[in-house]
Amino acid sequence: MKIKMAAVFLFASWFLLVSSHASGQNLPPTFKKVKEGIFVYAGRPGESNCTIILTQEGVVLIDSGNNPPDSVAVQKAVKQLTPQPVRFLINTEPHNDHTTGHFVFSPPAVIIAAAGASESMRGANTPARIQKLMADHSNMGDALKDFRVITPHIEYKDKMTLNLGERTFELSYLKNVHSEADTAIWLPKEKVLFTAASIGVKRFNNLRPFVSIPDTLSAIKMMKALNPEVVIPGHGVPGSAKILDDMEKYYNVLMERVGAMVKAGKSLDEIKKELKIPGTEDWEGKDRFPNNIEAAYRAIKGS
Amino acid sequence: MKRRIKVILFFAVAFLFLAPQIGAQDLGPGFTKVQDGIYVYAPDQTTTTCSIVVTQEGVVMIDSCNSPLASRNMLAAVKKVTDKPVVFLIDTEVHNDHTWNHYIFSPPAVVINHAGAAEGMKKGLDPKRAETLSKQSPEIAAIVKDYKFIPPHVEYKDRMTLNLGERTFELIYLKNVHSEADTAIWLPKERVLFAASAANVRTMINLRPHVTIPDVLAGYKLMKSLNPEVVIPGHGPPSTTKIFDEYEAFYNLLLKRVGEMAAQGKSLDEIKKELKMPEYVDWAGQDRLGGNIDVAYKSVKK
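Those sequence lines, one after another, are chains A and B.
Each residue of the first sequence is one higher than the one before, counting from 0 in numbering that gives the first Met the number 0.
Each residue of the second sequence is one higher than the one before, counting from 0 in numbering that gives the first Met the number 0.
Don't read these hints as lab results, they were simulated from the structure.
Treat each hint with caution, since some may be false.
[Unchecked claim] Derived DSSO-like pairs (lysine-lysine); straight-line CA-CA distance at most 30 Å: (1) A/Lys-156 <-> B/Lys-220; (2) B/Lys-122 <-> A/Lys-158; (3) B/Lys-156 <-> A/Lys-190; (4) A/Lys-174 <-> A/Lys-285; (5) B/Lys-121 <-> A/Lys-188; (6) B/Lys-220 <-> A/Lys-188.
Just chain B, with the same shape it has in the complex (with noise of 0.2 Å):
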């Protein structure tokens, strides 16, 4: 009997050892483990996230990350969490940050993102950005050599379920929230949402002139409305529904604001000079309250 238990022991604790434990730790820094097989890189506050999901099939991997270097990171960590490939990348937004990295992952990874991400990416596309990049440092131009612009495979329109082993991930176009293709992505059995630019952490958003406040709030209400556990915005750490909460109650005090100083007779120029958001000074990204109040004056307006 004594012989038996040891055994048993023995093999658990080979089992133990033996299992693929990997946590974020083994992954460096800057890395997150918010589920099993999620991992999200988010080196700080501000700078862009990416993600990978392992699944039985494959990886796949949300956004292409911020720099050939954070890529290069990236597809580092994939190899330590699975044997398998990165086979589907879907992009949150078409800007640089989160696309231009397409060429680490792609092939064999098919792109995915919503109608209009490829003219986008093409409209932002910097011609000298290889060039510049390979000029920081020999490491970076190691990577960069293989560069070659990478717009999506998919564009979906609306909504598009997105199947890979035991994973669903459903992509949710959001509309005039950030850049000219924004998808949220969620999890339903993990409860786990890719929220896109639509809301960082803490941080003011650098809001386009097609982008408007109405549609930012309908955002939030409809990813609210999954009632996620696990929050991952497009620049920042892995959060909650609490950034949904700060965004709404920062956007509807700026409107409010704007509202009372346009109905008061205020020009633009007058609020810009004058409004201030005593409540968000420890906000990054202060710059953009300017653009933030130009946008906000257009929905008053309206």
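Isolated chain A (complex conformation) (with noise of 0.2 Å):
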């Protein structure tokens, strides 16, 4: 009776050990629980997010953390969350703060991304920036010491689809909304939408040059109509839909503001002088809102 007591006691504990493992409890607060097996880290407000994603044939990493120190604290909370290997890297865009940390996890982690990211990738990692990485962040020690540049061994067009374990994830390319390559993931099962750097949290986006509103528009509708529960950014916490509505409205009322500046006979410089948008107070980088200016005046000019 009393091993029989003994070996209940031991299952039970194992149980409730394996559990609290899978579920996160005991994972640090830099990490939000967004759904089962579905965990969003991000070091500091505001830096790019990395989602571990479990599934029953190994793990699914959307994108690799800010900078190393980051990687590597995702994948201690990947080993204690799971005794499988990162399987996929998923990529929602090609830039540093979302891929430099790809040495960490790969190999043995296949690297997706949409057609032109390993391009944007090798441009960008020159041995000046890598030495520079090196310099600017010696102490991030350790975290460093095997970098290399990894590029993706998946390059993908328009869509793809991964299937994982019990798993779903519908890639699909999002045209010039932030990178050269941006990927939006869908989870149809989950209802958990990745909307890349597309959009961001009272947050002003870097509007590079090619990157048209109406293009980011189009691609907020499509990814409305997948009627997710859960919006995950690229930056930021995640959210509902809501984080989609309040980046639509604000692109909205930015090209109607440009557009009746410039009907009224403003120039370019003019408007990036006079205009403020009511209710972006309180929004980081506000040293954007100029090219983000310059953007709407591009989509209004047909340039």
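Hey, can you piece these two chains together into the complex? The hints should help.
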């Protein structure tokens, strides 16, 4: 009888340990559980998100963390959550703050991105940039010792589906929204959407010269049509479809106001000096507002 | 000086002996080495081809072979040519003779094919296949006991690029050429093309009702435009673009003859009874000519 009780006790203890691991109860507060088996990490508010998704056949990561120490923190969390390896790492974009930490996970992880990602990463990771990374982050210590640039193994065009264990990931290329190769990731069963950096949370995005606000609005429309329950942006706290609504509203107001000022004969410089968008006073990245105006001006002028 | 030459000679000879110079003859019958690190297993003119491409970071396999025994031979070949694992397995089509043996390589291999492949595989799955195969011999039963249905992990749409080590694989969807999801695979640096079952070797191909000859001809045009040095068909030994030329001539002649007979007011049944292709009597799969006429008739009636 005593042996039987001891066995039951041991099994119960093991079960509690395993279940608390998989539930992520012991993870640091930098990790947020958004659904069963889905954990979003950001080292500091506003830094790029990195997400761990557990499946019965291994782990899928979305982006590899803002900097290598973040990648190491995520790797540690993965080990706490599951004995299984990171099988796939999907990039929402090729910029350094989403991709520098690839070397922490690959091999064995297979890296996936939209076509053009490798070229963008190779262009950005010059020897000078790598040297600077080492110098700027000498405090990273061991996190950088095995650093090497790992470009995607798989580059899809337009659409791709990844199946692992019980989960399905639908990848869609988002054209001209942020970088050279942006990917939205949709988990249809879980109703979880990764929007890439096409949208931010109370944040002005850096709209580079090739970014188009009409294309961004089309992407937001497409993503809203999926009717997601959880929306995970490239940067910022995960939320609901309201994040998409807020960004859509902002771009529409921006386009409307820039359009009205152009119609009134104002130059781009004048618009940049005069234009304010109410409701964005507490947004981050105010220094990017001028390039948002430039993008709106380009769209209105058709250039 | 003489001593120095002797030392150099010694190392040169030692290197020649020690370097992994695996030729196709070391892998067994049916294997052909088409380029450094690229081996094709094609037991005969009609059996499903499967291939391995060795890279610095692992092996990419094309199709999982016709039978469990063929897959086992291929796995043994992989172990002879490299100590690295099969990292990716790309399917050129969804049918059983190309995909049923995924379980022998995956895990660890990540399986890739075009959108629709998993559904196509499920549709064509014979639930008793493992049992039937097991009855053939204890040797097969020993392999098949681990059988598990493995659909693709990755389903791309239209185009995809795979990079592994020093090699690049460009995957191109071929629409309506053979199965529900056909993929041509192009290695641009090596100029090697895997043509799927869009083209085989002097064999009439089973043209299912969804196949269209204009789409097949468009597939050849696209693949020829790549200017490959080596063309590996879905069935049969490696060849050149010659196989595209042969099939183009065959389908064009078939379309011409069916078109003429249809213009004379002949019914499909009459055409099937009367039409002969004497230029191709030595091709394998003559029983498929009727199906080929059906598909040609659909094209000319459009």
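Violations among the numbered hints: Checked against the structure, the only hint that fails is number 6, while the rest are satisfied.
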